[in-house]
Amino acid sequence: MSIPADLKYTSDHEWIRLDGDVATVGITAFAADALGDVVYVDLPQAGSAIASGDPCGEVESTKSVSDLYAPVTGEVAEVNAEVVDDPSLVNAEPFARGWLFRVKVEGDLGELLDADAYAAVVESA
Amino acid sequence: MSRQTALSGIHQASGATFTDFAGWQMPLRYGSELAEHHAVRNAAGLFDLSHMGEIEVVGPQAAALLDHALVGQISAVAVTKAKYTMICQEDGGILDDLIVYRLEDDRYMVVANASNAEVVLDALRERSAGFDAEVQDRRDDWALVAIQGPQASAILADLTDADLPALKYYAILETKVAGRPARLARTGYTGEDGFEVFCDPADAPAIWEALADAGRERGLIPAGLACRDSLRLEAAMPLYGNELSTATTPYAAGLGRVVKLDKPGGFVGRDALAAVADQPVERVRVGLRPEGRRAPRHGYAVIDPTSGDTVGEITSGAPSPTLGHPIAMAYVDLALAEPGTRLEVDVRGTRVAAEVVPLPFYSRSR
Chain A
222 MSIPADLKYT SDHEWIRLDG DVATVGITAF AADALGDVVY VDLPQAGSAI
272 ASGDPCGEVE STKSVSDLYA PVTGEVAEVN AEVVDDPSLV NAEPFARGWL
322 FRVKVEGDLG ELLDADAYAA VVESA
Chain B
2 MSRQTALSGI HQASGATFTD FAGWQMPLRY GSELAEHHAV RNAAGLFDLS
52 HMGEIEVVGP QAAALLDHAL VGQISAVAVT KAKYTMICQE DGGILDDLIV
102 YRLEDDRYMV VANASNAEVV LDALRERSAG FDAEVQDRRD DWALVAIQGP
152 QASAILADLT DADLPALKYY AILETKVAGR PARLARTGYT GEDGFEVFCD
202 PADAPAIWEA LADAGRERGL IPAGLACRDS LRLEAAMPLY GNELSTATTP
252 YAAGLGRVVK LDKPGGFVGR DALAAVADQP VERVRVGLRP EGRRAPRHGY
302 AVIDPTSGDT VGEITSGAPS PTLGHPIAMA YVDLALAEPG TRLEVDVRGT
352 RVAAEVVPLP FYSRSR
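Sequence lines, in order, name chains A and B. Residues in the first sequence are numbered from 222 upward in steps of one, following the working numbering. Residues in the second sequence are numbered from 2 upward in steps of one, following the working numbering.
Only true hints are included.
If you want the footprint, here are the derived chain B segments under chain A, 3+ residues with CB under 8 Å:
{"#": "1", "region": "221–233"}
{"#": "2", "region": "289–301"}
{"#": "3", "region": "313–327"}
In case anyone wonders, no lab produced these hints; they're calculated from the structure. The C-beta atom is built at its ideal place from N, Cα and C for all residues, glycine as well.
Given the sequences, and given the hints that come with them, work out the whole structure.
So, in structure tokens, the structure goes:
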């Protein structure tokens with residue numbers, strides 16, 4: 222199971238790529254595989270404020286639905302329209318074209334996991 | 002540690018994702034459950050259903066025992082035919098839904114849900130007192146492979162001498178499949194044409210591989226329990242634990258037709274069911290078409306938008322792969338059960354409008 226070393230992670234199986242003060246957020250390959258074929262993503266509105274740890278959307282497969290949690294605090298800068306149109310990108314390319322939204326981070330990043338720490342989370346799942 | 006079927010090794014080699022179901026380790030999906038769903042609708046899917054519970058009822062009074070123990074008139078089922086029926090408690094609550102195959106005059110095979118097989122066995126044994134018939138636990142003697150979909154018949158025809166056109170829906174015959182002895186039934190749980198192959202667990206891998214090979218060019222792929230659930234939901238087939246339970250009677254489930262109140266000799270649950278047969282049920286099973294993309298799931302509240310009152314509960318719901326929008330089954334108050342009625346569902350904290358629609362959501366063109 223792929224866990225890119227250059228990303229940060231949460232224990233809710235989301236990944237974060239930081240470019241300056243903008244965080245790109247997605248769900249991990251492990252999460253996408255556990256959900257099965259993703260058929261719908263419900264994402265926060267661009268411009269809305271989200272707070273680290275709060276539910277901010279959903280990822281849904283035929284079999285189940287999983288909440289998205291804001292991994293950081295800030296303002297939603299952009300939503301991936303391509304993944305809204307074609308949610309199967311979450312399964313096909315979870316760390317690339319399957320990204321979900323971007324956040325302009327306010328304040329501290331908070332506690333995020335590095336790849337090794339996230340691999341340990343997956344191991345124990 | 003959950004039980005493995007005779008096909009577990011094949012599933013593992015195919016890269017299946019497994020799930021624990023009723024004490025069995027069963028394939029959930031092999032790759033994409035959406036692809037598996039579409040394969041069954043458009044070509045064919047191959048299922049391992051070896052967790053299902055086979056029970057045989059044998060003896061001169063086998064028919065009389067089943068008439069007494071089940072809600073249907075099982076004595077009227079012709080040899081080589083099958084019937085969808087239920088076993089109820091004294092109070093009319095549903096213990097399980099079953100398919101009963103009449104193999105011989107005095108031999109029946111009862112197929113129970115894996116999760117209820119023990120309960121059904123116990124009930125049949127208890128109810129067999131005084132009848133000259135024996136209830137046999139045959140679960141370990143049979144594996145079950147299902148091939149479902151519009152290509153199922155053509156694929157199977159390559160592997161059996163059985164007269165498939167003559168094998169009608171809800172019929173069974175003894176034959177060979179891929180050279181191995183099998184009971185071949187034209188039954189299923191997908192809303193498509195298809196067959197269920199009961200065989201010796203030792204023969205299951207050979208039969209599975211033969212069907213997989215014969216079907217490959219016609220689009221057959223192995224299919225797991227995930228798509229089995231979305232397929233049966235589209236076809237509005239009830240699932241025990243969702244639509245059916247001891248708290249529900251066949252009438253509330255919209256399946257009163259399976260109850261034969263006037264069969265001779267009565268049956269377990271008859272008095273309770275007779276008392277409610279002509280009464281309007283409080284809540285009845287309906288189909289819902291929710292607006293938007295978010296699917297209601299099992300247990301969500303159904304709300305009357307006018308009063309704001311909770312008037313029902315979702316029993317099954319999912320985004321329908323075939324239809325491309327969410328669908329759900331629910332029990333709702335009888336007064337709000339007419340198709341066209343506007344309701345709401347509390348979908349994880351947000352109210353979503355939903356319209357009552359006729360069932361099934363999907364039926365195949367014949």
